[in-house]
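Chemist: Take a look at the letters that make up each chain.
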Amino acid sequence: MTGAAATILQLDGVDLRYGDTPPVLHGLDLTLQAGSFHFLSGPSGAGKTSLLRLISLSHPPSRGTVRVFGREIDKINREELATLRQRIGVVFQDFRLLDHLSAFDNVALPLRIGGADEEQTARFVADMLGWLGLGDRLEARPAELSMGQRQLVCIARAVVAKPRLLLADEPTSNIDAKNAERLMNLFIQMHRLGTAVVIATHSAELLRRYPYAVLHIAQGRLTGPRPPAGAASSGTG
Amino acid sequence: MRNPDLDLPLETTAFGRFLLWLTAGLVFLCVLAFAVAAIADAQLTALRQEPRIVTVALPPNPEPAAARREVDDVLAHVRALPGVAYASLIDEAAFGELVDELLVDDAADRATGGLFGARMPLPRLIDIAFNPGAAIDLPALDEDISTLVPGATLGDSGQIERSRERLAVLFRGVAGSFGLLLLAVIVVVVVWLTRAGLEAHRQTIDLLRQMGAGDRYLARQFEQHALAKALRGALLGFALAISVVIVVVYVPTLLGEAPLAAHELAPVHWVLLAMVPVVAALLATLVARLTAHHGLARLR
Ligand SMILES: Nc1ncnc2c1ncn2[C@@H]1O[C@H](COP(=O)(O)OP(=O)(O)O)[C@@H](O)[C@H]1O
Ligand SMILES: [Mg+2]
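Here the protein sequences line up with chains A and B, keeping their order. 14 is the number of the first residue of the first sequence in the working numbering; add one for each residue after it. 54 is the number of the first residue of the second sequence in the working numbering; add one for each residue after it.
Hint data in this document are derived by calculation from the structure and do not stem from the laboratory. Backbone N, C-alpha and C define an ideal beta-carbon position, used for all residues, glycine too. You may find that some hints are simply not true.
Here are some of the chain B residues that sit facing chain A, going by a computed Cβ distance under 10 Å [what the hints assert, rightly or not]:
1. Asp60
2. Thr65
3. Arg255
4. Thr257
Computed far set for chain A versus chain B, every beta-carbon distance over 10 Å [stated by the list, open to error]:
5. Arg98
6. Arg109
7. Pro123
8. Glu218
9. Tyr223
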């Protein structure tokens, strides 16, 4: 699995700072291959969400270089940046669903932005929500859904356009164990189909149960990837 | 299944709420302004269609043969000019009676031959009617006629007509400019509302960008929304304004009173008025798109 796999993301000596405050991420070096799977662990406030913002191209580095899909992001124009972002799915910790749109239309967003036709969009979205057990809630607004259901909608939106890089920020924090397992299966499925997956979590339980490499972050500094916690080094990424 | 809602909830902010009503109000005023301009233009056309009459006064000449020759000379000269519809001597007897009526106070006086006992010698008057729109060189005409008959003078009875003409031109210009000014106000309003919309939906815009939405995709949302709202507002304003115009211009005619505007609008005027809401809506759409593009380029 290693070797020939294409590099999807490369960070070299990257810092990230918000405004004039001191950097919250320091000198990060990281390479992610296509189809890899990583947990991103660390205590609260360590910088997990910040690192995901950096990788998802929603916040620029204050130092160092970020390459995504082989493109250095300092050197591309706005339209290219938009195109690169279409290949990245993000599950936000706070969901960020659009309140005025139905579950269906929320999930349809990435497809419509990517220019998919309506027929295809309808099929993909209905399949995805059906698979997540929300087949009868297509027309419900976020306000009419439970927290867990909103999280599922957010996840459906992140994966519906089959991104090549999938980032999830604490995706299992609002759902029960059964749905958490269902979700992990979805992520693993995506990973098997070639999507690089990074899941930020502070759940030791999750790290124990799933045998994937772990990136550890503490006080804005990255260590790892180290091999899976439980299993012997079963070679991922 | 397809929900026609836009990704950006533009309905919920100033952009969506005010655009329709502001466009309606501004288009209402704009159509009224252009209607005034159109009525003034119709008046102007009508005024210019009326023939213009200039009167030549020849001094009295006691010698009938010479007098006759002078009149003939002037008539011949004038009839040869371009743009002259006709020229004729005003009947002397009729003219005399008119003068008597104006100058002599009562019937008794008139019976005794008036104020001066005998009628004083009268100038002879020649009316020259020019075709509508003909260019008239009055100073040259004056000079020619004084050469033919020393002491002859030129009187232009078109003074009043021309001041009405000037007034119509003034009205047309002022009202037309006001209409254009209102279109400019629509532009300013749409720029302002679009900027407010960009600001209000900053978070949603960031989210859509995260999913890969480019400036074009986002600007199109503002554009579509502006088109829908501005078109409805513009048609509403147009309908109201046209109702007012019809009431003011045509209802007095139907009631048998003198209408406020004496002349009906031509088809071209109606077409121009009907274009106002369309132009306003397209303008709003274009401005929303350009402003959104401009604003999005500045948002990081
Ligand atoms: N938008 C922001 N502006 C300023 N500081 C921020 C912002 N987001 C996070 N931080 C700071 O950056 C540090 C890392 O936060 P975060 O990346 O959210 O960590 P985690 O996701 O691991 O809890 C924290 O000190 C936090 O206060
Ligand atoms: Mg976080």
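Chemist: Against the structure, test the hints numbered earlier, and report the numbers of the ones violated in rising order.
Modeler: 3, 5, 6, 7
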